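Number of protein chains: 2
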Amino acid sequence: MNPPIPPTIGVFDSGFGGLTVLRALLPLLPNANYIYLGDTARLPYGSKSHDTIARYAVSSAKFLHEQGAELLVIACNTATALALEDIQQALPIPVIGVVEPGAQAALSLSTKNLQCHPERSAAESKDLRFASAAPDRAPIESVLVLATAATVQSHAYTRALNALNLEANEKACPLLVPLVEEGWINHPVTDEVLKIYLTEALTAAPATQTLLLGCTHYPLLEPAIHRTLASIGHPLTIIDSAHATAQAVAAHLNLSPQTSKPIAQGSSLCTFYATDSIEKFQRLGSNFLGQPVSEVRLIDLGG
Amino acid sequence: MNPPIPPTIGVFDSGFGGLTVLRALLPLLPNANYIYLGDTARLPYGSKSHDTIARYAVSSAKFLHEQGAELLVIACNTATALALEDIQQALPIPVIGVVEPGAQAALSLSTKNLQCHPERSAAESKDLRFASAAPDRAPIESVLVLATAATVQSHAYTRALNALNLEANEKACPLLVPLVEEGWINHPVTDEVLKIYLTEALTAAPATQTLLLGCTHYPLLEPAIHRTLASIGHPLTIIDSAHATAQAVAAHLNLSPQTSKPIAQGSSLCTFYATDSIEKFQRLGSNFLGQPVSEVRLIDLGG
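Chains as they are written, first to last, in my numbering: chain A, 196 to 498; chain B, 196 to 498.
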């Protein structure tokens, strides 16, 4: 029996952040081919309107389909939150976003928490916050979602989490992407900004136990977020939807995760496209991918 | 004799910052008609490449010409620094950018400083920094220019200031635009970021006396910049190129500045166009214009 032909997976983001999703996919599905597009000439999406984001995301998705993608991963929270349906309608291939896998990962964690701490279930059932839950349903756990302004305004995470009987507390954090792009990953200013955002968010929902990173730039800030949460005395379990999304892609393809192996340098497994400066994509992208980004091709999607 | 027909002036920026230039123009030339375009669907320009910025700026400039602009003001430092010649070549009307007027204002200030403090001229002539200056030329004064990454990389301010026998010390400040757009105008985090940028810049050129704001977002930070400079013990005279640019436009049109009068509410003197969310343009724009922005029209320049 011949081995299955490796699929070609398109991975799309407005910029570099989606490379964290590709980074999670590579060890999980090392035999697939990948085509990555960063729409860097039109980034950021997170501060723009639904119509503009949908227009940009659909044209980018069509490009990846034309290049041979058989499955498309929208590795951008903003594009998923605002344009997943538009992209699904525009393309004849399966399209997987990052919001639903992130919400599912929050549910798994919540279930695990309850199994480990069944006393919480009993205690929380006395809490007024859960008074409206039906007695035979699991108590509602609140998930804090940090994301861009556009993702928060779309309330896509609220819908996805509520559908799983989880509460959502969404917090827009417009300064985090610029801070990551300035390279201030471990910097007192970034810690101060995180302290302000997290304190505001946790004051609104003090019982929160889970934090979902709703932007593909934010995993680079995970150490700073842990440090800040410790400093304000409110440790949280952090969910990075990059890994949850990679798992969802593997499940969709019905492929068992393979033994982890890094891709070889100069391998043809990954093709990178960007709509703006190739040099900048290579320079910034390697931080997100965790290895050098080579052979980036410049394309013009208009605008 | 009939009064002169008021000219139609196009004002272009990637976003809202150019409204500070329009704000300076309104009292100076209250009888002109204005067409303002904010290319908000493709902002920010400041982190992008020359080719992309030139493509966006030329298409935006052509749109304003098609709407009837007889003179165009590029009220965006990044677009001026990287695409002024491209725009001038593409359009048959006069095009005025913000870099040259800003540099001229720095020269006027420098000349004034020397007239007020002639002893500086003698003292500085012994300074090694001025050793290469010809003995019959005025000593070189160093001007600190705060700007976006793209503007700094273009070195447009260095060329403009050097041509006027002034030294330039350019400093890229990528976080200032996001901080202004977050609304953190008077905020300890912004003061801390300014302290880091200004200390780095002034360590490189400690004799600096003049600070040129090389981005149209930065005038909103002028009080914070003054406060920060005082805290580090290095007060500077601040030049905002918005006013210098407005003066250059009046001089080009050979019009004497008129008595200052605010435009009437609901007047048809100003027409606003944006390529993304009208609501956001109205909300953020009023901070830059200093009065409500009404009747914004959405246009699609592609992309």
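In case anyone wonders, no lab produced these hints; they're calculated from the structure. Keep in mind that this is a model prediction, so the values were computed, not measured. Please note: incorrect hints may appear among the correct ones.
Said to hold, decoys possible - Reference listing, derived: stretches of chain A covered by chain B, where coverage requires no fewer than 3 residues with Cβ under 8 Å from a Cβ of chain B:
| no. | stretch |
| --- | --- |
| 1 | 241 to 247 |
| 2 | 386 to 392 |
| 3 | 408 to 414 |
Virtual Cβ for every residue (Gly too), placed ideally from N, Cα, C.
Quick rundown of the hints versus the structure:
no., hint, result
1, 241 to 247, "holds (count 4)"
2, 386 to 392, "holds (count 3)"
3, 408 to 414, "violated (count 0)"
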